[in-house]
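If you want the building blocks of each chain, they are given just below.
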Amino acid sequence: MKKSLQDALIDEHFRSAAAQLLFQLADDDFILSYRGSEWLGLAPHIEEDVAFSSISQDTMGHAAMFYGLLEELGEGSADTLAHARPAEERKNAILLEKVNGPGTYLIEPQYDWAFTVVRNYFYTAGKKVKIDSLKSSSYQPLSEAAVKVNMELFYHLLHWKTWFSQLMKAGGEARKRMEKAAEEVFQELGGIFSLGEKGEIMNSLGLISGEEGLKSAWITMMKPVFQELQYNMPSQFLMMSGDGRNGEHTEDLQTALNTLSEVYRLDRSASW
Amino acid sequence: MTLKERMLIALHSVKDPEIDSISIIELGMLEEFELREDRAVIKLLPTFMGCPALDIIKKNVELALMKVEGAPPAEVLFIFHPPWTSDRVTDTGRARLKEFGIAPPPRHMTETGEWQADCPYCGSTYTTMENLFGPTACRSILYCKSCRNPFEAMKPISTLM
Numbered sequence: 001m002k003k004s005l006q007d008a009l010i011d012e013h014f015r016s017a018a019a020q021l022l023f024q025l026a027d028d029d030f031i032l033s034y035r036g037s038e039w040l041g042l043a044p045h046i047e048e049d050v051a052f053s054s055i056s057q058d059t060m061g062h063a064a065m066f067y068g069l070l071e072e073l074g075e076g077s078a079d080t081l082a083h084a085r086p087a088e089e090r091k092n093a094i095l096l097e098k099v100n101g102p103g104t105y106l107i108e109p110q111y112d113w114a115f116t117v118v119r120n121y122f123y124t125a126g127k128k129v130k131i132d133s134l135k136s137s138s139y140q141p142l143s144e145a146a147v148k149v150n151m152e153l154f155y156h157l158l159h160w161k162t163w164f165s166q167l168m169k170a171g172g173e174a175r176k177r178m179e180k181a182a183e184e185v186f187q188e189l190g191g192i193f194s195l196g197e198k199g200e201i202m203n204s205l206g207l208i209s210g211e212e213g214l215k216s217a218w219i220t221m222m223k224p225v226f227q228e229l230q231y232n233m234p235s236q237f238l239m240m241s242g243d244g245r246n247g248e249h250t251e252d253l254q255t256a257l258n259t260l261s262e263v264y265r266l267d268r269s270a271s272w
Numbered sequence: 001m002t003l004k005e006r007m008l009i010a011l012h013s014v015k016d017p018e019i020d021s022i023s024i025i026e027l028g029m030l031e032e033f034e035l036r037e038d039r040a041v042i043k044l045l046p047t048f049m050g051c052p053a054l055d056i057i058k059k060n061v062e063l064a065l066m067k068v069e070g071a072p073p074a075e076v077l078f079i080f081h082p083p084w085t086s087d088r089v090t091d092t093g094r095a096r097l098k099e100f101g102i103a104p105p106p107r108h109m110t111e112t113g114e115w116q117a118d119c120p121y122c123g124s125t126y127t128t129m130e131n132l133f134g135p136t137a138c139r140s141i142l143y144c145k146s147c148r149n150p151f152e153a154m155k156p157i158s159t160l161m
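Line by line, the protein sequences give chains A and B. Note that my numbering gives residue 235 to position 235 of the first sequence, counting from 1, and the numbers run on in steps of one. Note that my numbering gives residue 32 to position 32 of the second sequence, counting from 1, and the numbers run on in steps of one.
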């Protein structure tokens, strides 16, 4: 039996577990689409600039929808959740908050395209695995949202897979940089599969599959791609910098929050 | 004409802010229109979740209904169940898109997710995909090798993806 919003509001155990999961989903998409937006005008070519911006816009739309579901569950307004929460309350995986590379958007951005391609491809595949599971989530509004997200995700996954395969096949410097980026991403990839302290409760309430199930679905999806590219996946996905689901974050998140909430903090009561 | 019919005509006048030849009804965005005593509840389906035109559409629906004599205030809600899919675009809508220079969303896709669109200007099938992503979330950029025009197509979106 799936639970509606009304059901969730009178079952605190269920409501708070659903909210925890939604915070992870929302914060992941929010910070990654912010990182994506920092590439505007800097992508390798103009077609990519159009495509990547469009993907970031979709992804921000998904974040907004998840924040909207949190608002319904009584967690506060979507805008406040997106802009006003301090770093230690954020639940995004650390992989997604990391800077795009040295420099800033305004001052000498020396962004790393290989890292961006790998991070986005691996994350998008992870999101696909989660969304597939969420389609049968016990929380009805979330399962409906998953159906919607899934259709847009199709194009994102295709896009990043194409970049990943082409650069890996290119050999030479491209291959070298891609492998280095992959190594870097695998050191934090465990973070996107973590469901945090309440993970087992989420799973037992039927909100989402368990961490191991998600991870193995990801491996099943990616294995044929890696094999074709003759790339050996490491046996473990680590969380070298900690688990973002428990509020552990790096300085990179704080700097991002300072920038992205600057206008919001200027006048919180402004009406847009 | 009943009040509801007059309100429906007003809804037909609300166009997509980014493609002003097509109405939100022709796009298949209207899911429910309920006329209550004190208000009209309009439930719309967003095409893409991150579409920045949604707020504008909401405002335009409210404004259009305000002009209908005797109409109660409108409450516009965006819902995502059922999800909007590109087959919801009506036949008139498909013609309107073409008028604007946008190929209507293809009805068929291969198993690998590839699709083709005919040129909205000359009707040729000799077209190539330039970029799956276009100037708005719902459009792709293509090129017609027959009449040598770049054009856009509305992306096919289905629950089978």
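In case anyone wonders, no lab produced these hints; they're calculated from the structure. C-beta: ideal position from N, C-alpha, C; glycine also. Errors might be hidden in some of the hints.
[Said to hold, decoys possible] Straight-line alpha carbon distances no greater than 27 Å define the calculated DSSO-like cross-link-like pairs of lysine-lysine that follow:
| id | chain 1 | residue 1 | chain 2 | residue 2 |
| --- | --- | --- | --- | --- |
| 1 | A | 135 | B | 43 |
| 2 | A | 180 | A | 198 |
| 3 | B | 145 | B | 98 |
| 4 | B | 67 | B | 15 |
| 5 | B | 98 | A | 2 |
[Stated by the list, open to error] Listed next, with one range per pair, are the computed distances between beta-carbon atoms:
| id | chain 1 | residue 1 | chain 2 | residue 2 | range |
| --- | --- | --- | --- | --- | --- |
| 6 | B | 63 | A | 147 | 29 to 39 Å |
| 7 | A | 221 | B | 150 | 30 to 40 Å |
| 8 | A | 2 | B | 101 | 16 to 26 Å |
| 9 | B | 34 | A | 219 | 40 to 50 Å |
| 10 | B | 55 | A | 89 | 23 to 33 Å |
| 11 | B | 35 | A | 103 | 27 to 37 Å |
| 12 | B | 13 | A | 271 | 40 to 50 Å |
[Unchecked claim] Incomplete in silico selection of chain A near chain B, CB under 8 Å:
| id | residue |
| --- | --- |
| 13 | 47 |
| 14 | 50 |
| 15 | 51 |
| 16 | 54 |
| 17 | 55 |
| 18 | 57 |
| 19 | 77 |
| 20 | 106 |
| 21 | 107 |
| 22 | 145 |
| 23 | 154 |
| 24 | 159 |
| 25 | 161 |
Status of each hint after checking the structure:
1. A/135 x B/43: 22 Å, holds
2. A/180 x A/198: 33 Å, violated
3. B/145 x B/98: Distance ~18 Å between residue 145 of chain B and residue 98 of chain B Cα, so the pair holds.
4. B/67 x B/15: Given that 27 Å is the threshold and the Cα spacing comes to 16 Å, the pair holds.
5. B/98 x A/2: Violated: residue 98 of chain B and residue 2 of chain A sit about 42 Å apart, past 27 Å.
6. B/63 x A/147: 29 to 39 Å: Holds: the Cβ-Cβ distance is about 31 Å, inside 29 to 39 Å.
7. A/221 x B/150: 30 to 40 Å: 34 Å, holds
8. A/2 x B/101: 16 to 26 Å: 43 Å, violated
9. B/34 x A/219: 40 to 50 Å: Between residue 34 of chain B and residue 219 of chain A, where Cβ atoms are some 48 Å apart, the hint holds.
10. B/55 x A/89: 23 to 33 Å: 27 Å, holds
11. B/35 x A/103: 27 to 37 Å: 57 Å, violated
12. B/13 x A/271: 40 to 50 Å: 27 Å, violated
13. 47: Because about 5 Å separates residue 47 of chain A from the closest Cβ in chain B, which is inside the 8 Å limit, the hint holds.
14. 50: At about 6 Å, which falls below the 8 Å cut-off, the nearest Cβ of chain B leaves the hint on residue 50 of chain A intact, so it holds.
15. 51: 4 Å, holds
16. 54: Cβ of residue 54 of chain A sits 4 Å from chain B, so the hint holds.
17. 55: Cβ of residue 55 of chain A sits 7 Å from chain B, so the hint holds.
18. 57: With Cβ-Cβ at 4 Å, under 8 Å, it holds.
19. 77: Nearest chain B Cβ about 15 Å off; hint violated.
20. 106: 24 Å, violated
21. 107: 28 Å, violated
22. 145: Check passed: Cβ of residue 145 of chain A comes within 6 Å of chain B, closer than 8 Å.
23. 154: 4 Å, holds
24. 159: Since the shortest Cβ distance to chain B is 7 Å, the answer is holds.
25. 161: 11 Å, violated
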